[in-house]
Amino acid sequence: MTKEVMTANKAVAEAARLVKPKVIPVFPITPQTSISEYLAQYVADGDIDAKYVKVESEHSAISAAVGASGAGVRVFTATSSQGLMLMHEIIFAAAGMRVPIVMANANRAISAPLSIWNDQQDSIAQRDAGWLQTYVEDAQDALDSTLMAYKISENDDVLLPSMVCLDGFILTHTVEPVDIPNQEDVNKFLPSYNPKHSFLDPKEPMTLGALADPGYYFEARHAIEIGMEKSIDVIKKTCKEFEEIFGRKYDLVENYKCDDAEIVLVAMGSVCSTIKAVIDELREEGEKIGLLKIRVYRPFPVDEINDAIKNCKKLSILDKNITFGIGGALYSDIKAKINKETYGFIIGLGGRDITPDTIKEVYEKTKNPEKDVTWVGLKKEDD
Amino acid sequence: MTKEVMTANKAVAEAARLVKPKVIPVFPITPQTSISEYLAQYVADGDIDAKYVKVESEHSAISAAVGASGAGVRVFTATSSQGLMLMHEIIFAAAGMRVPIVMANANRAISAPLSIWNDQQDSIAQRDAGWLQTYVEDAQDALDSTLMAYKISENDDVLLPSMVCLDGFILTHTVEPVDIPNQEDVNKFLPSYNPKHSFLDPKEPMTLGALADPGYYFEARHAIEIGMEKSIDVIKKTCKEFEEIFGRKYDLVENYKCDDAEIVLVAMGSVCSTIKAVIDELREEGEKIGLLKIRVYRPFPVDEINDAIKNCKKLSILDKNITFGIGGALYSDIKAKINKETYGFIIGLGGRDITPDTIKEVYEKTKNPEKDVTWVGLKKEDD
Amino acid sequence: MIEIRFHGRGGQGAVTAAEILAKAAFKDGKYAQAFPFFGVERRGAPVMAFTRIDDEPIRIRYQVYNPNYVLVLDDGLTHVVDVFSGLKDNGKIIVNTDEDFKNGGDTEVYEIDATKIALDTLGINIVNTIILGYFAKKTGEVSIESIIEVIKEVFPGKIGEKNATATMKAYEMA
Amino acid sequence: MIEIRFHGRGGQGAVTAAEILAKAAFKDGKYAQAFPFFGVERRGAPVMAFTRIDDEPIRIRYQVYNPNYVLVLDDGLTHVVDVFSGLKDNGKIIVNTDEDFKNGGDTEVYEIDATKIALDTLGINIVNTIILGYFAKKTGEVSIESIIEVIKEVFPGKIGEKNATATMKAYEMA
Amino acid sequence: MKLPEEELLSSGHRGCAGCGASIGVRLALKALGRNTVAISATGCLEVMTTPYPETSWEIPWIHVAFENAGAVASGVESALRIQGKDDVNVVAFGGDGGTVDIGLQSLSGAMERGHNLIYICYDNEAYMNTGIQRSGATPFGASTTTSPQGKNSFGEDQHKKDMPMIMAAHGIPYVATASISYPQDFMKKVKKAAEIDGPAYIHLNQPCTTGWGYDSSKTIELGKLAVETGAWILYEIENGEFNLTHNLRKRKPVTDYLGAQKRFKHLQDKEKEEIQKYIDAQCAKVGIE
Amino acid sequence: MKLPEEELLSSGHRGCAGCGASIGVRLALKALGRNTVAISATGCLEVMTTPYPETSWEIPWIHVAFENAGAVASGVESALRIQGKDDVNVVAFGGDGGTVDIGLQSLSGAMERGHNLIYICYDNEAYMNTGIQRSGATPFGASTTTSPQGKNSFGEDQHKKDMPMIMAAHGIPYVATASISYPQDFMKKVKKAAEIDGPAYIHLNQPCTTGWGYDSSKTIELGKLAVETGAWILYEIENGEFNLTHNLRKRKPVTDYLGAQKRFKHLQDKEKEEIQKYIDAQCAKVGIE
Amino acid sequence: MVSTGCVIKDPGNSKKNKTGSWRTFKPVLDKEKCIGCDKCVMFCPDAAINKDHDINYDYCKGCGICSAECPVKAIEMIKE
Amino acid sequence: MVSTGCVIKDPGNSKKNKTGSWRTFKPVLDKEKCIGCDKCVMFCPDAAINKDHDINYDYCKGCGICSAECPVKAIEMIKE
Ligand SMILES: Cc1ncc(C[n+]2csc(CCOP(=O)(O)OP(=O)(O)O)c2C)c(N)n1
Ligand SMILES: Cc1ncc(C[n+]2csc(CCOP(=O)(O)OP(=O)(O)O)c2C)c(N)n1
Ligand code: SF4
Ligand code: SF4
Ligand code: SF4
Ligand code: SF4
Ligand code: SF4
Ligand code: SF4
Ligand SMILES: [Mg+2]
Ligand SMILES: [Mg+2]
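Protein chains in written order, with the working numbering: chain A, 1 to 383; chain B, 1 to 383; chain C, 1 to 174; chain D, 1 to 174; chain E, 1 to 289; chain F, 1 to 289; chain G, 1 to 80; chain H, 1 to 80.
The hints are simulated quantities; they were obtained by calculation from the structure and are not laboratory data. The reader is advised that the hints may include incorrect statements.
[Claimed, not checked] Cβ pair distances, simulated, as ranges:
id : chain 1 : residue 1 : chain 2 : residue 2 : range
1  : A       : E241      : E       : E241      : 52 to 60 Å
2  : E       : D269      : G       : E80       : 37 to 45 Å
3  : B       : K365      : C       : E161      : 50 to 58 Å
[To be verified] In silico lysine to aspartate or glutamate, EDC-like type, Cα no more than 20 Å apart, as pairs:
id : chain 1 : residue 1 : chain 2 : residue 2
4  : E       : K270      : E       : D157
5  : B       : K371      : A       : E229
6  : A       : K3        : D       : D75
7  : F       : K250      : F       : E289
8  : G       : K16       : A       : D307
9  : H       : K16       : D       : D54
10 : H       : K79       : D       : D75
11 : G       : K18       : C       : E41
12 : A       : K379      : B       : E225
13 : H       : K9        : B       : D213
14 : A       : K310      : A       : E262
15 : D       : K162      : D       : E172
16 : F       : K224      : F       : E289
17 : A       : K337      : B       : E225
18 : A       : K257      : A       : E284
19 : B       : K371      : A       : E262
20 : G       : K79       : C       : D74
Treat the numbers as computed from the prediction; the structure is a model and nothing was measured. Cβ coordinates follow ideal geometry from the N, Cα and C atoms, glycine included.
Just chain A, same shape as in the assembly (with noise of 0.2 Å):
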């Protein structure tokens, strides 16, 4: 194990030679594009032992990553933002097909108006589309993250793509410090991957990717749920064995001084960081406030959120995307599964930074509270 400063991009692609991939299909774009450059480093290096597939488009990458996948390799793959969108088709397929893909995706607000910078609305969009999302918080958990990635996806009970979310610029392009896990530890963690349901082999001849009539398909999309609930016990199995391995401990969600809060602030991804010193902040000056991190968005951790919060008042959830007229898709989430007084935040939208003072001001709109959903952060004239 070596430590080393580096951004949360270069921390994906270090994770992405670590379980060697076999193939690795990818088009680059912003705030993505450095692990796309890394990668093609260590091919061109012989790092890894793969084939870098130099794709025309991001459908193409991520069609490529099926069709590999399919064929019975480790997949790694890595996008962002309107690269994301352009997959949409085939992030649904790769699902139904049980392809255990990975990929990170660098969090980029959509267009348009067209923007490089960060939000979640990318990711968020294809929540429906039965692949797990983990929001990492920083560089660290952006390579941990990544390595858990194969092991619970490629897991016969769950056999899902994962998606790794990683905030574009606000990790991707900060260094800090990361810990670099060695090749043993990982392959011990991690062993090779030998599919059992679908490969694409002369000597097992299968049929991927076949028409499902009325009378089939209602079950092949309730077998992705019975997957998806699966995987709660697996990613909790997994965070295990990485923590006896590697030391480092991981959940689906953070409990960050919930026990005792009157007001638990819900948040994904790099965000939290800045909450966690907020709230140390306002604990100084007596106020009982908690965040809850949610790390594993899909499956929606529904009892690791119940446990936590169950001693609290309230609820703020910010939300870096916003379905219009309803709010964020973490607040929409948490309404329909938890009972509790609920505010929805939106937040950071396109890259507006997201300062102490939103932070405080998101705890200020909770306490007392005028709406149910409010935009923070908004420049004045437009309020």
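Please arrange chains B, C, D, E, F, G and H with the ligands on chain A, whose structure you already have, making use of the hints.
The following block gives chains B, C, D, E, F, G and H with the ligands in isolation, referenced to the frame of chain A:
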């Protein structure tokens, strides 16, 4: 006005003929295809003075639609399922660019496995995009909603594209009686399109589709939220005007025997017809049951829903779509916005037939609830 | 409400027949609905279509499971699909055949050699409208005038005329 | 926690400088974070980058609004951007210039002719590492040993050696 | 070539009686043998061969979507090669729609990257799976449901996109045209494509009884007529070198071909002449009289 | 041609100092004049000219995405023509990535349909907006961040996709190559493209100081070197007829060109020879010595 | 229960689907006339004629191609 | 407030953005030497030289193309 027996696809094509679009870029896909075909024939026969753009994909269909709408003319297009998914990126772009395109979507399940049969996952997966969405109940509704969609989308307070969603096969391929309005009335209802906010004309050069940095993006998204909000009143007004001219009454929601109901079923699209029949049957047996049809799903008509269900005890939401691990989208939207005991039911995915027994099972399971979300209609081995 | 199921082969026009029937019923002042069994069948493969007719607006929108009538455009199908499936107790079946149809059991089965009429009148073996003439007479559920009118609307010109003549023939033969 | 802001032009290596500083601080046993101002700027356009250094793990993740130090790689920039913006009360500015920098006001401004060192030692006008040598000495926030080590890691081989020499020179000159 | 006995596209598929696509794929698989992985784009072929839980494929087969057969094949090929499976044939089948329209880019990328695979476009000159809509490969004058004959229209108003030449411009080692009605020629080309290292493209003309409007028994006859009239030219381009593979002594007038199909029935002399002129020019370009 | 004075791409844009793309677009707009609507694909050009609320465009302009300039232009063209605005020029600008890779299909469709528009690919031979990643137009041997030089790699291992010839295979009335360093030739071609009825395609070579690695003052010099070494050939294809538009008397060795750029700095003699050979063959094909 | 990902592990099992039922006309092969040219074998879209020129009526859809292409008219199409 | 759809109705308003600040070297044109060939005008990426060969330093980024392409070396680049 003439009354004819026709499919909902034909009804949509008739509406498109009546609104006199100038550009029609479409790509065929089951079960939308006959819309493309009728329009091709209308243009071939000179029945509409429009350019029929024979695009090579749905991605180009919606792109050409944005281009043409950006150039200031009225545009019609139509798609379904995989086609809609392939448009995903540009769907969001169209809303952000505030071009008032109208698109019919023949609701069809999404791959994998491949299915040409009905459910509503395809358009539901676009619910964040900033488009207005109407789910029609019958062929007449399909025609009328297409007409109204233009008037609503082109309203200066709205300027968001509209999707008219009609259930694949169940409506698209079923013939039934339809009133076809005459051209004069339509002209009165819907004057020709004269965009003010954007058009491409060398006499008045504008730049469309700019990049917005963190100083502007947040406000640009918020402006869509405002457009969405304002569209509620615009829709109401438009429905009134429509009724005055054509005599048919529409609203954002339809309250079918909710006022004294203890249990209200909530659903969208063609299934509402069957539900009404079942309700009448159950009412005869003394059951206090009603239906709240969500006709307009985006904007989400919170006040109208609250008004209709105020007296009931429980809601059961029927969704032809699934967000794995959460439930249906309508279910979670209702849970997010409405304060009432609510159960979710997943039905009819991939064309699984929805019979009166399905509806009765939903009703029974709402009376005696076992879980929050239940899949109704699974084959027995799978239960 | 009465429900009718059509059996045919891809390409034989079962769906069109179901639609013509619905349109004719509408002309008669009734409400009607028609739709195919939604499949991916190709030319030659067995297909189904359905019509519902009622005095009230029709609201239900699911498959026809218990038809009052079954119309079979091609007797070969009786060997490969269960054309009796779900038929109502007092339901009736009309089969295009030149043989004596034996498998009726309790069910009332009418036979008509529509193929002969088709070949005689149209010169090709397309029987979808013809069988409707027979249906009109035998069941009285729809008027032959409306059937003929709709046929002429759906197939304008000479083809429509010929089809109408053939259909009339079947009506008279019934 | 201390916060540093770099001003440069696209292509001058301000981002690399910020990262080197973070890495050096980490070598010194501190926690550190560095990131660019996220823009779409092209070569030649004014750009910014930031470094945070602390004894504790750094959690905050937003822009640096009130830096303790500002490093300006190109004095031309002082005419087009407000390099003083948000500077903490006791903050310091280091500017690469061959002139006497007048606009300091109350603020402590250090001048270093890094360009001269760069041209002398590297043969090209790239000053991003050089200014770090000066910074190390003047502020003591980071050790010159770590800076030099990181420079050699980031630029392996001859370029690294040369850069290290130039940086050392600036350190000594400070 | 002796016809290999092995049937790798099994009976029981749902293609129309007389379907030319089935003939093409059967022959291609005979030429390739069992050690082959196939990729399909959405279309007639895919729908008719793999309605779950049934498959007509005796070899490994994958389908993902309509527009991405080229990219899926790239992924499959990459996975096989990196595992050292260099002897497995990788063949992708796309309809004309899936190839010249919606799948063009995916295919172009695959060809550009130099994957060792064969792409066969089975060209029935329209979207048949969805019921006869025009594609970029629909010939001038053909009436389809989206290029219908009408008061202001004589049918499709653009000539067929010249896909084999577009592929040839990609500089790939092997491009060929073929017809199901010339099975020996076709299978020879498939074998050659399999032997060549790098991407190969074969554009297979495949009459379609349903879409073109002719009696199901005439599928082979129509394919021959296309070639005999010069409406479809058989050639190959090996490492840039062009060769006709079927020597047409005397071309039949294109009306022989047009007249046999419903999709051209409505054409006036003017359009027929334009078609003849176009074919004459195409033939002249490649040295056919 | 006298240089029209009107500046339709205004100053203040964010392109790099010495940006060749800006030069190309400036010249194209001068040739087209004010009565023009422009469409852009995402890329350097778009990003540098339209950061809200600023625009460098004096004419109407629209951008939707990276991959769809062809389709957006089709929509714009259709809308203008159906309104009777037949005299307005419609010009789409795509980078090489937006043209030969991700936007190829959208463009192919537009060309096939016969819209009366001009598509100009400004080719800087990589994805520059995102920081120099390879595209299908990146030449053999060039080191980019996704085709990097490395222990096992000498840089890009595929030759440039021959996009103008792919376009020519579409049978459109006008295809031309051009270079910003030959402005008269380029502007003449743009004017011709505007006059022709139907689709026209111009592939514009455009050196990029940042991506190619040379001093910003040498942009024009590099463009000349490309042409003088035969690495870029100037021609046009009008209604199928091929014509060289710049007569190369004596070709310079390609090393003159390679040596001037950082992206080729790492190349060994072996690769340089392969490049020279490839260029020789390309030149031979079109009759350049 | 459907298989995971709807993968079909029984290659060629469409043989379950007896498409012979689609047929209206039936090819009858006269082995006396047959010269063994294999055209019918080659061109049958449904692989319904084996190398011994036996027609498998379980699958033959009656398209008539074999009959049309037989150079010696050894196959006759007759109404079922 | 942003405009609806972020449409920009002020064509060419990027002239607000004085890119002259990017410059490190400055082209200085000697009108005496100039032969009026217009190469500098044609090739300036920033449209910073007008027909009278005046350089607009508000926008000139100092790329040096004009100087390099001037056939008579009438333009010199000097450090700002
Ligand atoms: C993205 C997308 N658009 C449209 C469709 C609908 N669709 C499926 S197959 C097909 C036509 C196929 O035509 P072609 O490729 O020529 O194959 P054929 O059916 O003729 O064999 C269409 C339009 C789809 N499945 N996916
Ligand atoms: C679907 C999608 N994928 C990726 C991107 C990111 N992206 C924007 S521009 C660009 C490269 C553009 O390259 P090119 O077309 O050659 O234009 P240039 O930047 O070189 O001018 C990329 C990869 C995007 N905007 N959208
Ligand atoms: S429509 Fe044509 S290609 Fe499709 S199955 Fe039928 S004959 Fe074959
Ligand atoms: S990177 Fe190249 S193309 Fe892009 S703005 Fe800079 S010089 Fe121009
Ligand atoms: S009739 Fe057709 S399906 Fe039957 S054996 Fe002959 S060729 Fe095959
Ligand atoms: S085509 Fe005729 S002659 Fe040839 S093998 Fe078949 S039956 Fe025999
Ligand atoms: S130096 Fe460059 S930007 Fe300045 S005037 Fe000369 S060409 Fe234009
Ligand atoms: S290039 Fe030189 S000679 Fe020509 S106009 Fe400019 S300054 Fe004068
Ligand atoms: Mg086809
Ligand atoms: Mg480029």
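Here is what the structure says about each hint:
A hinted range of 52 to 60 Å holds for the C-beta pair E241(A) and E241(E), which are about 59 Å apart. Distance hint check: the CB atoms of D269(E) and E80(G) are about 42 Å apart, consistent with the given range 37 to 45 Å. Our hint of 50 to 58 Å for K365(B) and E161(C) holds, since their Cβ atoms are close to 56 Å apart. Of the supplied pair hints, the one linking K270(E) and D157(E) holds, its CA atoms being roughly 13 Å apart against a limit of 20 Å.
For the hint linking K371(B) to E229(A), the alpha-carbon distance of about 14 Å falls within 20 Å, and the restraint holds. Between K3(A) and D75(D) the alpha-carbon distance is near 36 Å, which puts this suggested pair outside the 20 Å criterion. For the suggested pair K250(F) and E289(F), the alpha carbons sit about 8 Å apart, so the restraint of at most 20 Å is met. Proposed proximity of K16(G) and D307(A) is contradicted: the alpha carbons are some 52 Å apart, above 20 Å.
The hinted pair formed by K16(H) and D54(D) fails the criterion: a straight-line CA distance of about 40 Å is larger than 20 Å. A C-alpha spacing of about 13 Å is found between K79(H) and D75(D), which places the hinted pair at or below 20 Å, so the restraint holds. Of the supplied pair hints, the one linking K18(G) and E41(C) holds, its CA atoms being roughly 14 Å apart against a limit of 20 Å. For the given pair, K379(A) sits about 15 Å from E225(B) by alpha-carbon distance, which is consistent with the 20 Å threshold.
About 18 Å separates the Cα atoms of K9(H) and D213(B), which keeps this hinted pair within 20 Å; it holds. In summary, the hint linking K310(A) to E262(A) is supported, as the alpha carbons are separated by about 10 Å, within the 20 Å threshold. For a cut-off of 20 Å, the pair hint linking K162(D) to E172(D) stands: about 15 Å separates their Cα positions. For the hint pairing K224(F) with E289(F), the CA-to-CA distance comes to about 18 Å; that is within 20 Å, so the pair holds.
For the proposed pair K337(A) and E225(B), the alpha carbon gap of about 25 Å is over 20 Å, so the pair is violated. Distance restraint check for K257(A) and E284(A): the Cα-Cα separation of roughly 13 Å lies within the 20 Å cut-off, and the hinted pair is therefore satisfied. At roughly 29 Å between alpha-carbon atoms, K371(B) and E262(A) are farther apart than 20 Å, so this suggested pair is violated. Restraint check for K79(G) and D74(C): the C-alpha separation of about 13 Å stays at or below 20 Å, so the hint holds.
When held up to the earlier numbered hints, the structure conflicts with 6, 8, 9, 17, 19 and fits the remainder.
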